Amino acid sequence: MSGGLTGARNGDGRSGGAGIRLEKLSKSYGRVRALDGVDLDVPAGELVTLVGPSGSGKSTILRLIAGLDRPDGGRVLVGGQDVGELPPHRRSVAMVFQDYALYPHLSVLENLLFGMRVRKVPRAEARRRAHDAAARLGISDLLERHPDQMSGGQRQRVALARAVVREPSVYLLDEPLASLDAQLRITTRADLLALHRQLGTTTVHVTHDQAEAMTLGDRVVVVHEGRVRQEGPPQEVYDEPVDTFVARFLGSPPMNLVAGGGVLGGEPETIVGLRPEDLALDADGPIEASAEAVETLGNEAVLLARCLDGTRLTARTEPRLRIRPGDAVRLRAIPGRLHRFDAGTGRRL
Amino acid sequence: MSGGLTGARNGDGRSGGAGIRLEKLSKSYGRVRALDGVDLDVPAGELVTLVGPSGSGKSTILRLIAGLDRPDGGRVLVGGQDVGELPPHRRSVAMVFQDYALYPHLSVLENLLFGMRVRKVPRAEARRRAHDAAARLGISDLLERHPDQMSGGQRQRVALARAVVREPSVYLLDEPLASLDAQLRITTRADLLALHRQLGTTTVHVTHDQAEAMTLGDRVVVVHEGRVRQEGPPQEVYDEPVDTFVARFLGSPPMNLVAGGGVLGGEPETIVGLRPEDLALDADGPIEASAEAVETLGNEAVLLARCLDGTRLTARTEPRLRIRPGDAVRLRAIPGRLHRFDAGTGRRL
Amino acid sequence: GTTGSASTTDITVVLFGDAEEITGYQSMVEAFEDENSDISVTLSPVATQDDLMARLTTSFAGGNPPDVFLLNFRRYGQFAAQGAIEPVQSYLDDSEVLDESDFSPRALDAFRYDGDELTCMPQNLSSLVVYYNEDLFDAAGLPYPEQGWAWDDFLAAASELTSGDHYGAGVAPSIIRLAPFVWSNGGEIVDDADRPTTLTLTRDPATREAVDWFLDLQLVHGVVPPDAEEQSESSEARFLRGTLGMYFNSRVAVPTLRTIDGFEWDVAPLPVAPGGEPVSILHSDAYCMSAGLPDQDAAWRFIEFAMNTGGQEILAESGRTVPSRLDVAGSPAFLEPDLPPRSSHVYLDVEPYLRATPRTATWSRVERESNALLEEVFYGRVDREEGLRQLEDSVRPLFDLQVGDDGS
Amino acid sequence: MTQTTRLSAARSGAPPGGRVRESVSGRRPGTRRAVHVLGRFAVPALLAALFAAPLWFMVTGSLRPAGLPPPRTLEILPPEPTLAAYTRLPELMPLFTYLGNSALVVAIAVPVTVVVAGLTGFGIRLLSRTARRRVLVGLLVVLLVPVTAVWATRFEVFRLAGVVDTFIPLLAPALLAVSPFLILLYAWSFGGIPESQLQAARLEGASWLAIWRRLAMPQVRPATLAVAVLAFTFHWANFIDPLLYLHSGDRYTLPLGLQFLRLLNPTDWPLLMAGCVIATLPCAVVFLFAQRILLSDDPLAALRGGRR
Amino acid sequence: MTAPEVAPPDTPRRARSDRTLSGWAFLAPYGLAVAVLIALPALLNVGYAFTDHTGLTRDPQFIGLDNVQRLTSDTFFRDSVEASLFHVAVSVPLRLIAAVGLALLLAAPRPGGRWFRTAVYLPTVIPDVALAVLFLWVLNPLYGPLNQLLGLFGHSGFNWLADPSTARVGVVLMLLFPIGEGFIVVLAARRMLDGRLYEAAALEGCGPFGQLRRLTLPLLAPVLILLAVRDTILTLQVNFVPAYVLTDGRPANATLYLPVYIFDQAFEFSGFAYAALITIVLMVITATIIVAQLLAVRRWRILR
Ligand SMILES: Nc1ncnc2c1ncn2[C@@H]1O[C@H](COP(=O)(O)OP(=O)(O)OP(=O)(O)O)[C@@H](O)[C@H]1O
Ligand SMILES: Nc1ncnc2c1ncn2[C@@H]1O[C@H](COP(=O)(O)OP(=O)(O)OP(=O)(O)O)[C@@H](O)[C@H]1O
Ligand SMILES: [Mg+2]
Ligand SMILES: [Mg+2]
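Protein chains in written order, with the working numbering: chain A, 1 to 349; chain B, 1 to 349; chain C, 1 to 408; chain D, 1 to 308; chain E, 1 to 304.
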């Protein structure tokens, strides 16, 4: 492989890769401020998940790391080195796009070889690497197919294989699971994790699916309106969201937020939050409410309840309840699980 | 509204709609046998969810009910009347497509008016109904926009509104939530439910997302390879799947299935199933295993364990476990929650 | 251009003609190159005179005109008027090979643009004649036409020959076909031969008489195939097939007519108006040299060769041209008794009576528009009086148009 | 694979005449079938026959014996078809020289046209929205310049370049992609290639030229086919350029030859029609090869069929 | 390869401009060709419009607006404009209707559909000169298949090219056959429309005709406009070779279309400068018609 950051990778070219550091990155498209001072540190070899609602700037971050766009301000460092002047293909970065961006006129094998061919990697070497990558992703028997002859999951793995043959220092994955159906998404998620464990290459994974963010990453970074809102291990972010946005964004059904505390008790000027699983049905519970709907999910049910003062609360409960809409219920908040936020700024108190 | 099945609707044209009955419906596309003798009964006013993997024939069923395709064999009855000879627009059926199929050259208002215009509904009446439907779905302020100027969720609601203005006897919804992102899907799901409660029109809702199927329908119908595998209330289907396909299809993570029983105990010639939530961590449990991975989801975690005989089991557990991959764990199956299937046919015993 | 290397000079010769004529020129060029190894000729043929004009205008405008080009006398005025042609008079005067007196004076006169100096070298001397089908004449018991036959003789024969799908005569309605009849009747087609300002088809009684006679052939007597018939099968095709008694054309037709093997045919002079002269109209093309080229020597040597006995004989053998060199025209090479027409001398007999149309810069345009309108009248698409008046009116402004510095 | 079939079915759409209308119509089966057959086959067949008719007249006209007057009633086939007119053609003009020259010109000009149109179309694809709009207006202006405006003045350019009387002036239209329309055709086709593919290739180190050659062009083969057919027809039929810029008779192309033929006898229909057939045949053959893909129900699928 | 230590001053936007630059680079060969082979000659031509250039000499003199004056009193020019306008007014709509109608009719997959489409396209491959010669035959008053066809319906037929009005119709008729390019474009555009929309419309009670009127045509509007603009230009300016061979302006200037007159002036009558002036007029007329077309359909959001 020519040039770029290969030097930053360690010995066998397989483990670690390069760390990424973003400093005060900002970027506007016309009048749209896509990024607004993003700082981020991804240690070598880690898998970080970038999560946030649509339009929050996740793809833009990846594009700036890859060099497909240039930042208006700030720096991108890969392996400790400023890559501002490097064109995309010299950054030793591989990207997997949401729509996979497979070349539809080429077979899987040719898709894998494409990059090495344009970079003039010797034929034998290129084939060896392509077959290696294919084997690693279990697509060795698809090599002759064309992209439109494969299922979504298979295409996804080809796209990954194409990234793997590059032997990059960094993987950038832009919602690679978004177009898969629910079943497939779960299995492919596991494959992705396994691959990362095998290669141990620094990986930035973008998703807007909070479940995916929670399960995949060593660390999760919540992005909103062009800024990083919170970062940390998934459970930590889930348990201690820094503000109401993060609180509602992670978790399904989302956290109950009651301004002023209301039935949950608390001072005015605050917002009190409680996750649905921390609200239990209890015949002696202090909160009186009436059931509005019960959504059964097989292994659990979600109860939508309206309290006497009109507050709506969701509670996660046992599946086989015999509650009908309209029934009166009593609820109890598990103590110590209340979150408090500032009513003005939304920040955690 | 002209002709068709209006007679089958009751007084105010708002509640109930018409029941649907499919008898021995079959349909092939070339050599592909899309449907293979489907019998189904949807009582008037009910919301039924059709669920099944991709390619199982769900869309085909809707297309036959709508009259967009003709069955090779069998009958379609709407409101007790054989509609085999009725063209689509006389069937009093409204359909919402997965990709919405909004007319890109028309504004939202014109989209809503389109059908009434071709059916020569008086202008004033048409506008009234369009505004009604828009208000009902909260898109009154989008009426001047064109489809390409709206977000996915907004388009989805326009598509629904277009179906609502028709005031049909039957709604057919073909994966209307599939292209929405996770957050939006949850809120739109609630909107859909509310709408159904309001209108009370017979509705067939197709999805391949089992969570959606579980939460939405009064009844869920599992389709696989052109046949109806099981139908019933969601919780019933979840608790007593008729075969291994249904057992694995509903529930996430899917049910553990162990051929011959193995660590779960059981006779050979059977397959024994156990849902992950029915497998508990228990220091004294009879099943010895080692942890392979722990996926944290915030409110819960999924433990992937490998037993001594190599069987892999998933267990749904508390979120804040301190188990690391490789740790030894002991598990216990909650008694009475085992499912038994015939090893040959896969059918429940 | 004449971008020659040290030893050989290249010249370009642009000509028009059908496939067979081009073959004739080709062999002449080869003979020339054999004799003059220091000159190489690029022969550049085009099919029609319209194509020729396009080709010439482009190359003149682009500054790369051909060294030699062939022009009809009805078109060269346009070029001569602007000094685009290098007059040949002085070259001819100095020539050791050619002598002015060798050539037909009528042909030479047609190419003196200012009436004095010779502009181009006319290579042939064709004229309008009548081809007739001897077998049809025999079958009808008619005598063959002969020198001095009159309009009435012609009309009688034509009427006699017209029956069923047979027609007596075929003639294209155009100024150059009409003009000899007018002249024969003592009329003129323009008011002033040197500085014409209008056509005179209606105002001069003698002219008008001839015009009416000509039009009557189609409109009254019906001896000429009507419009639709002519479009479907040209007179030439009819004559070839043996269903047309007489056919007006110049020498051009001969190679094609020689393919006839079903009947005998011959050529006769034009019929003469009552009390008129046996006039015909000149058909002649000439070699011209482009003005302003640095070296005209090679071009002139090519013209010398083409106009000399050898060159003229080669072309005469094709049967298509009547050589403008009278000695060649009188030789067996042209008269060729063993191939039809037997009476080739007819072309030569009429030489003293040949006349030409005006040679002003806009003449070709005048002729073109007139022909289109004459056709309307001839085939009865418009009323005769109205049509002729319109013809004169709409063509008159064209005489006044200025082309280059001509007319000012 | 089910996914695939459905995708391609969706792409090719269900045009109104097809499946949808079939199931929509609610009349009695008998009438419906009659209307159905009429609409699906009889009317299209009639129209197709109407369009094929001139060509049919051309071919049958060329098979008539020379010298005979044409029939005055419609005839589907001449009573005694003969190839006499064709055997006369090479006697009347250097047919094979002309054909050879035309073939040579086409062999060079068509690839050049495809390359220029393809490159330019791809360039437009790469530009930003506003720049693209500007270029499109520019193309419209180019389209607006009448050909007659440049014929004579172009000669000056060719003379200065010293290429008069070579085949190079005949390639001028090829350098101009024949017509801005063909460029638009490419730009339109390239618009269908997702942005992410171009970026993926950039990331893999491909230059834009390599992306054009290996990624973009192979994906728009139906467009290339269409451009090639249109360019072939244009260059093969080009009459004015050879007339104005070629001087040597032995470099002439077929359309000029056809002109010589017309002069011989304007009503020798068998001969003229034979000439027309010869002039049309190569275009027709090229097109017939292309139509297998170009005009099939789903050009992309047809292309793939050829690839495997 | 190591990264440079210091960033050059104008760091921003380089990645973007790399692409934009490449875009312009791809356009360069074509741009060069346009400059040399179209812009330069065309400008030269415009310059000549105000000289006395005849095409035969090389020292044109500036004569101001003399040519314009001549134009105002030229009856041939008036005939010519009239012929051109008539031709555009009749030919463009007919050609469009034919191309669009046939494409939509034949777009649906059906057995043998490819051959129907092929038949419609085939006349387009006939070279111009051959097409004209062919139509000399087709329109022949006695032997022509067209009159013979009319004969089957008891009509005696026309002498097509002899009468001014039928001659115009004859040319229109001839140019009605080579519509393959438009046909193919509409075919492709129609294939790209989403079949789902038609199902939705059918469900809402829209019949085949309604679908055509309310869906297909509005959705194809941008393509149709493009074709109309192109066909206008083509009809006014380029399609003249067949007309030139078929009628050459006759009869009575009925088919003396502007390009034919320009060609005659420039190449036959030594009116090179005058022809250049008429060329300018032709461009103005073309541009006017196109602008009118674009304005007329502004509300269709085609420039979205
Ligand atoms: N090329 C562009 N031109 C203009 N605006 C852009 C462009 N790319 C992104 N944007 C805008 O920048 C903002 C951030 O976009 P980005 O694609 O990074 O969001 P995202 O988080 O990836 O969203 P999604 O989940 O929908 O992919 C959005 O408001 C978007 O509209
Ligand atoms: N128009 C068609 N032509 C050919 N095969 C078809 C067509 N429509 C559907 N099929 C086939 O019929 C089968 C059932 O298709 P259907 O669309 O009903 O599946 P589905 O359950 O809706 O799947 P999905 O969840 O992917 O939408 C599939 O195998 C599909 O490939
Ligand atoms: Mg994104
Ligand atoms: Mg489906």
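Hints may be right or wrong, so weigh each one.
What the simulated footprint calls covered on chain D by chain A, stretch by stretch (three residues with Cβ under 8 Å from a Cβ of chain A suffice, anywhere in the stretch; the number is not a length) [to be verified]:
#, segment
1, 91 to 101
2, 160 to 166
3, 174 to 188
From the structure, some residues in chain E lie toward chain C, with a derived Cβ separation under 10 Å [said to hold, decoys possible]:
#, residue
4, Asp18
5, Trp24
6, Leu71
7, Glu82
8, Leu136
9, Leu139
10, Asp194
11, Arg214
12, Phe269
Away from chain E, derived, C-beta distances all over 12 Å, residues of chain D [to be verified]:
#, residue
13, Pro79
14, Ala107
15, Leu119
16, Arg125
17, Gly138
18, Pro169
19, Leu256
20, Cys276
Read the hints as simulated data drawn from the structure, not as lab findings.
Quantities reported herein were computed from a predicted structural model and do not represent experimental measurements.
Note that CB positions come from ideal geometry on N, CA and C, so glycine has one too.
Hint check:
no.: 1; hint: 91 to 101; verdict: violated (count 0)
no.: 2; hint: 160 to 166; verdict: violated (count 0)
no.: 3; hint: 174 to 188; verdict: violated (count 0)
no.: 4; hint: Asp18; verdict: violated, 42 Å
no.: 5; hint: Trp24; verdict: violated, 32 Å
no.: 6; hint: Leu71; verdict: violated, 13 Å
no.: 7; hint: Glu82; verdict: violated, 15 Å
no.: 8; hint: Leu136; verdict: holds, 8 Å
no.: 9; hint: Leu139; verdict: holds, 9 Å
no.: 10; hint: Asp194; verdict: violated, 51 Å
no.: 11; hint: Arg214; verdict: violated, 49 Å
no.: 12; hint: Phe269; verdict: holds, 5 Å
no.: 13; hint: Pro79; verdict: holds, 15 Å
no.: 14; hint: Ala107; verdict: holds, 17 Å
no.: 15; hint: Leu119; verdict: violated, 5 Å
no.: 16; hint: Arg125; verdict: violated, 8 Å
no.: 17; hint: Gly138; verdict: violated, 8 Å
no.: 18; hint: Pro169; verdict: violated, 9 Å
no.: 19; hint: Leu256; verdict: violated, 9 Å
no.: 20; hint: Cys276; verdict: violated, 4 Å
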